[in-house]
Each structure stands twice: as C-alpha cells, then as structure tokens.
Amino acid sequence: MARGSAVERSRTSETSESSSVLGRGARVRGRVSGDGDLRVEGQIEGDVTLSGELSIDQTGSIRGDVDAASVTITGVLQGDVASRGAVTIRASAKVKGNMGGAEVSLEEGASFAGRIEAEFDLPAELMPRQGR
Amino acid sequence: MAGTIIGQGITIEGELTSDEEVVVAGTIRGKLSADGPVTIEAGAVVEADVSAASLAVGGTVTGNVSAAERVDLLGGARLIGDVKAARLTIADGASFKGNVDMDV
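Protein chains in written order, with my numbering: chain A, 469 to 600; chain B, 3 to 106.
Any given hint could turn out to be false.
Going by beta-carbon spacing under 8 angstroms, a handful of chain A positions derived as facing chain B [what the hints assert, rightly or not]: (1) Ala494; (2) Val500; (3) Gly502; (4) Asp503; (5) Gly553; (6) Thr556.
DSBU-like, lysine-lysine: derived pairs with alpha carbons at most 35 angstroms apart [stated by the list, open to error]: (7) Lys99/B / Lys33/B; (8) Lys564/A / Lys33/B; (9) Lys99/B / Lys562/A; (10) Lys99/B / Lys86/B; (11) Lys33/B / Lys86/B.
If you're looking for bench data, these hints aren't it; they were derived computationally from the structure.
Beta carbons are placed, not taken as given, at the ideal position from N, Cα and C, and that holds for glycine.
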C-alpha cells in the first residue's frame, strides 16, 4: 500500500492526485467529496464520497455514509459503505452499517454490526451443480 | 507533520474545526476554524469565514477572516472579506477587498 507522504506531494502538477489528511484534532460537520485519498485521524459527521482510498485511523471516526475506491477501517464507522474495491475492517475497528464492496474482509477482534454484501464469483466447487 | 491537509481535489461542504495546523489546497464551503496556523495554498478556494491562530493566504478566500496573531496575503492571493488581526501583510500581487480591523 504505497502512500506518498503529504509533504512530498507535488504542488505544481494539477493532474496528480493529492492525498489528504484530517488530523487528530480536526472535526468536520458536513460533506466531504472529491478526488484523491483521505486519511481520517479526526472526526467526520457527514457523508464522504471519494474517487481514491479512504482510511479511518485508530483515532478516527466517521458518522455518515462512505463511498470510495477502497475503504480501510481501524477506527469507528457508523454508516453504510459502498466501495468499488476492497473493504478492510481491522481488529481494532468498531463498525455499524452495511458494507458493500468487491471484497470485504473482517479481522478477528473487530466489532461489527450490519450486512456484508460482497460481489464475487463463487469458486467452481461451490457453484450449484449443472444438470442434477 | 501537519495536522490536517485538505488536498487539491477535495471539497468540504460544512464546518471544519481543528486544534492543530490546517493546510487547504482544495475547496471549503462553510466555515473553517483552527486553533493552529491555517495555510490556504495557491489554487485553493475557500468560501467560508476563517478564524485561526495565524493565516497565510495564497489562494482565493471569500469570507471574513480573523486571526489571533497575523494574516499574510501572499502574492497571487485573492481575499474578498473583512480582516480582523493584530498584524496584516499584503504582498505585491495580492488582491483584497474588504475592511481591516487591527483592534487598536
């Protein structure tokens, strides 16, 4: 998981996706949207829509629905997740809501209440037998 | 490292508060208040009232700003709104429309 440090981020190139951080002491009440990655160490009360990766750090919390390319939760999330990629719920996470993604993983120790809807093809041996 | 960085492509519609430093390269509509220094980089758009310990503006701000220490309008900055701060600098190339209150 390569993530460039925010300091190195190019200030000249308009096309480069920038990465954003919501610091530990920060709090947003409202909507967050846009391109690029976001790491949340603080609090967000509102919906988050991103074209990049979202990670909720151990100190971070989001109360609202989340839509991102991939979502990694180490902190607290109350809301639904729609992801085009992976949803990873780490051991220290507390999550309440419905997870939708290409793949959803839940580590041992995480607290989770909600539905998981992962879209994937079943392996052949688990597919219903043909012509039975 | 800096407390909060709102990157180029990111938009916040609502209120952002922080105990620490905030760097804005994206867009904020609503309200921004920080107990630390706030930097609004060139290219950033802030349509919000801003209060901070100190404020450096290189981008576009529409709204009233206040800082406990100082406000610096850098070259290329554009501020439409009132300024309340003990110290204010306006660099060559910055544009500003509004009132200044230096609390004298």
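Okay, the hints, checked on the actual structure:
The beta carbon of Ala494/A comes within 4 angstroms of a beta carbon in chain B, closer than 8 angstroms, and the hint placing it at the interface holds. Interface hint status for Val500/A: upheld, as the beta-carbon distance to the closest one in chain B is roughly 5 angstroms, under 8 angstroms. Against a cut-off of 8 angstroms between C-beta atoms, the interface hint on Gly502/A holds, since the closest Cβ of chain B lies about 4 angstroms away. Taken as an interface hint, Asp503/A checks out: its beta carbon lies about 3 angstroms from the nearest beta carbon of chain B, inside 8 angstroms.
Taken as an interface hint, Gly553/A does not check out: its beta carbon lies about 18 angstroms from the nearest beta carbon of chain B, beyond 8 angstroms. For Thr556/A, the suggested interface contact is broken, since its CB lies about 22 angstroms from the closest CB of chain B, more than 8 angstroms. Pair hint Lys99/B plus Lys33/B holds up; C-alpha atoms about 19 angstroms apart against a cutoff of 35 angstroms. Restraint check: the Cα-Cα separation between Lys564/A and Lys33/B comes to about 29 angstroms, which is no more than 35 angstroms; the hinted pair holds.
Pair hint Lys99/B plus Lys562/A does not hold up; C-alpha atoms about 48 angstroms apart against a cutoff of 35 angstroms. At roughly 13 angstroms between alpha-carbon atoms, Lys99/B and Lys86/B fall within 35 angstroms of each other, so this suggested pair holds. Straight-line distance between C-alpha atoms of Lys33/B and Lys86/B comes to about 16 angstroms, which keeps the hinted pair within the 35 angstroms bound.
The structure shown violates the earlier hints numbered 5, 6, 9.
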